[in-house]
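A.B. asks: Okay, here's what each chain looks like letter by letter:
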Amino acid sequence: MNSEATFFMPPAISTYAGDVDQAYYWIYYLSVFLFVAMVGAMFYFVIKYRRKNSLEIPSGPQHSTVLELTWTILPFFLVMAIFLLGFKGYLKMAIAPSNATEIHVTGRQWSWLFTYGNGVESTDQVLHVPKDHPIKMIMTSEDVIHSFYVPAFRIKHDLIPGQYSSLWFEAKEVGKFDLFCAEYCGTSHSNMLGKIEVMEPKAFETWLEHEHEEQNKAVAPEVLGQRLYTKFACVTCHTTDGSPRVGPSFKGAYGRTEKFTDGTSGVVNDNYIRESILQPQAKIVAGFQPVMPTFQGQLKDSDITALIAFIKSVK
Amino acid sequence: MTVTTFDPMHVPTEAQSSPNFLESAHGIKSWIFTLDHKRIGIMYLWSILLSFLFGGIAALLVRLELLTPQKTIMTADQYNQMFTLHGGIMVFLFIIPSIPASLGNFVLPIMLGAKDVAFPRLNLLSYYFWLTGAALILTAICTGGIDTGWTFYTPYSTRTATSVIWMGLGVFVLGFSSIFTGLNFITTIHKLRAPGMSWFRMPLFLWSIYATALIQILATPVLAITLLLLVVERAFGLGIFDPKLGGDPVLFQHFFWFYSHPAVYIMILPGMAIVSELVATFSRRPIFAYKSVAYSSVALAVLGFLVWGHHMFVAGTSEFSTVLFSALTFLVAIPSGVKLFNWLATLYKGSISFESPMLYALAFIFLFTIGGLTGIFLGTLSIDVHLHDTYFVVAHFHYVMMGGTIFAFVGGLHYWWPKMFGRMYNELAAKIAFAFVFVGFNVTFFTQFILGSRGMPRRYYNYPPQFQTLHIISTVGSWIIATGFIMMAIYFLRSLRHGKKAPDNPWGGLTLEWHTHSPPITENFHNTPIITHGAYDYEHPDAKAFILQTQGKI
Amino acid sequence: MSAIDTEVIANAKIEHAEHEHNPHLAHHFSEPEQQISAAKLGMWAFLAQEVLFFGGLFVALMVFRTWYPDMYRAASSQLNVPFGAINTMVLICSSLTMALAVRATQLNRNRQAFWLMAATVLLAGVFLVIKYFEYSHKFHEGQLPGHFYTFKEIPFDNAHMFFGIYFCMTGLHGLHVLIGMIVIGWMMVRAWRNEFSSQYYTPVECTGLYWHLVDLIWIFLFPLLYLVK
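Protein chains in written order, with this note's numbering: chain A, 475 to 789; chain B, 13 to 566; chain C, 8 to 236.
The hints are simulated quantities; they were obtained by calculation from the structure and are not laboratory data.
Even for Gly, the Cβ is constructed at its ideal location relative to N, Cα and C.
There are no misleading hints in this set.
Which chain C residues face chain B? A few, computed with CB under 8 Å, are given here:
{"id": "1", "residue": "F60"}
{"id": "2", "residue": "G153"}
{"id": "3", "residue": "C175"}
Derived pair list, reagent style SDA-like, types lysine to any residue, alpha-carbon separation capped at 20 Å:
{"id": "4", "chain 1": "A", "residue 1": "K566", "chain 2": "B", "residue 2": "E331"}
{"id": "5", "chain 1": "B", "residue 1": "K256", "chain 2": "A", "residue 2": "Q772"}
{"id": "6", "chain 1": "B", "residue 1": "K443", "chain 2": "B", "residue 2": "H510"}
{"id": "7", "chain 1": "C", "residue 1": "K138", "chain 2": "C", "residue 2": "Y233"}
{"id": "8", "chain 1": "B", "residue 1": "K303", "chain 2": "A", "residue 2": "T539"}
{"id": "9", "chain 1": "A", "residue 1": "K786", "chain 2": "A", "residue 2": "D775"}
{"id": "10", "chain 1": "A", "residue 1": "K566", "chain 2": "B", "residue 2": "L336"}
Chain A on its own, in the form it takes in the complex:
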């Protein structure tokens, strides 16, 4: 089937997208037919049988066993056929092929963390996958329910905290395709966007190896800090361009004197940053809500040092 977008549907990029669209259009044409038939009958009857004089009492059939049975039994078989259509398609989507490559997805408010088989972690919100190869996503959430939705692949599944869920797909074309979070998860639900980048298999291998090397190199603290900044989703609340979001921007923050919500004020220095990471409710910059979670137990001391170096570098 043609993978171009149609009036109702995005391009059909995954191997089962064509089946989904076919089922959709079957039901669509059936619905159009039924709608035209029923609403057509309605218009026809109300015009043909419109009241001609205010005293008339019409006489017509009040029941018909044949008709009643027909329009109960025929629709029953029709809907059962449609059910089977959906069931068949669903089975294909629910059971991943045994040779699928696994990639882990972790959703959190409000970004995606992808972990590849060789340990590469990526938080740039782009999932790289090879073309023509089945990929199985093993998914969970760190906080609330999210949902991994790629319209071009026609696939979606919730990410549930405390549980693992999975979905699979095989992309037939290279390109970049939208990834949406499809389960309401709070303030920046509609900003929890990503892309699926489908690459030629060779290009994918190259990319994956390169990432692996990069991530294992020893790096300067502020570079490590920046990685942590995306990996631990600080980026969803703290920008680096000066614009405040859920939390203050890091741009020029280091060394600045801030007023806090408890009336005191202080300088944004190493100790303040460390305290904010481990006990975020202690001193909150005035004008912001006490919603930052603690990273106690998640960040080592060396991680915190790296983050401080990173924040310092954002001028």
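Assemble the complex: chain A is given as a structure, and chains B and C must be docked to it using the hints.
C.D. replies: Relative to the frame of chain A, chains B and C by itself:
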């Protein structure tokens, strides 16, 4: 009270010596302590219409924000509160009570030939519960608002800083309003039918309201306990729904949808109830296959309890359960289809007139057909994976809840307005407002099917620019709807002072409410009716004479 | 006018004359039987609703029992089975006294009904006192729901969930017991005033139905919470 014969085909010959129920007592105490089902129905009517106004304003604001892909008039947090309020107010304060509590309360006892419902004091208590629930929800709005979506999914709702506890308590109390209304209606229909009114001589309106009441008493308690547990989880860290406390968020969804799916049948069955009355009266024919329509109401109520899992196809339930729920979901389409076919067959060889109530009934058939057919897409597993949590779902449920229930409610309001208030509204204005509402509705919501199938997710404050054109069209549609409803409010309110006095039977109906005065006396009937015919016996030799004598000049 | 109509009207006229001045007949009912029958149907509908209400909690209980059987066993063994068993017997006896009270009103014996209902209330009070002992023991030991759990001796991290469900279910049930006591108390006042008779005892009967349901719920609660092996 004397009991005499009262053939429904004969006009009451006593002059109206008793004052009607609106004039029989005055002052605010006569309303807030009333036991008269008609007054209670009217108090409910104003309350739910006010709720509709607030829920509608929230909708207009949501759609305003969606005019542009990024921020338009509010922040993300404000937007999340706005769509939650829209859903919460519309579902719990407006649509669930709407038809049963307002029109049902007014019409049901009269249609049965009774003087009141079985438990008038419980009826008043139900209304007080509604008021209390509304006050608690107002408290929630004023103490931090609510941003969980009307579905309260955990663990977001157990952790968010907004006023979930007040909201949960408010909906809990509203649940009891619904339960007691249902309990009252079931008992009334069983025990207070007029002599001679067998089950199959009842108007179909009552069959559907009865089926609704069954769902109200069996499903609502489950919502009550779910919300109670949510409140306790937030307050005490119970650990039932939040995984950080050892609980399971999917369990919440099972509990929530076990009520909320049957709830949509609480919403649609009364709408179908009204459509049966309108189609019969304005075709001057009995509803085709009466028994079939009656049974289909009960079938919907029963089957409605079996399909809750279709809201959770991608939520982490087993493949087996998704397949089972999909199959059951298709079954529930059958009784709805049966009703539609029966209404169409009633139009066949009828004598059709196009007063405003009938326009709404015909619009219901048009819109509910679309809403029902789009449910087929969503019940189909492979397609639902793509469409779940997109605007396709939003469009589907607005077609059935608004295109269905609200259009039917408005049709019923027009139909029984002369009976309730003794005044006719301006028919031309009504037809114009209908056109605005009908056109506006389709412009607003048909575009959303396209948005959804193209991948636009729900509850999105910002969206990718490729969706903007359709969003603009949808927003403009919302303004057209609003215009129609504003016109409606104006001509209805005007009619209360300036409307022509209504005859007893402006539409030529045969059901018992048209045998009373407009408005009725407090006891509804001067004498207990004795029923010797079916509800829509237009071909009875006396029917024509009855209509002639009661219809007056309109 | 058909023959059937005449007969219906004739019967209605006779019965109506008999009940012309029945003070208990509400204006919207035409005969006492109709009113009594309606009251009973309404009560049964209310009980159906209560079953669904508690049903949700029972489902939650069963779900967590299935998922964490070992934790449940360990936590449940902390409950005081003798107290639970006594409470079960106490409630069953109270159902008996209540049933006898209904019977007494049917037989025009208001005073007897009064004392039987007093016994019911007393037994209900005993139930609540025993529950008070159980609850205060738990408060003392830190066997509390959610945030408040501090008990150390159950070797499972999520033991607080058992106590959460325990307090929710027994608490809600206890609330229903209390409400029942108040309603029975009101019936006692009316019995003292000789308001009931063989012609009119519906309020007591409906109260009895409610009380039996409260008892029945406990009869399911007790084994599921206390007798887990």
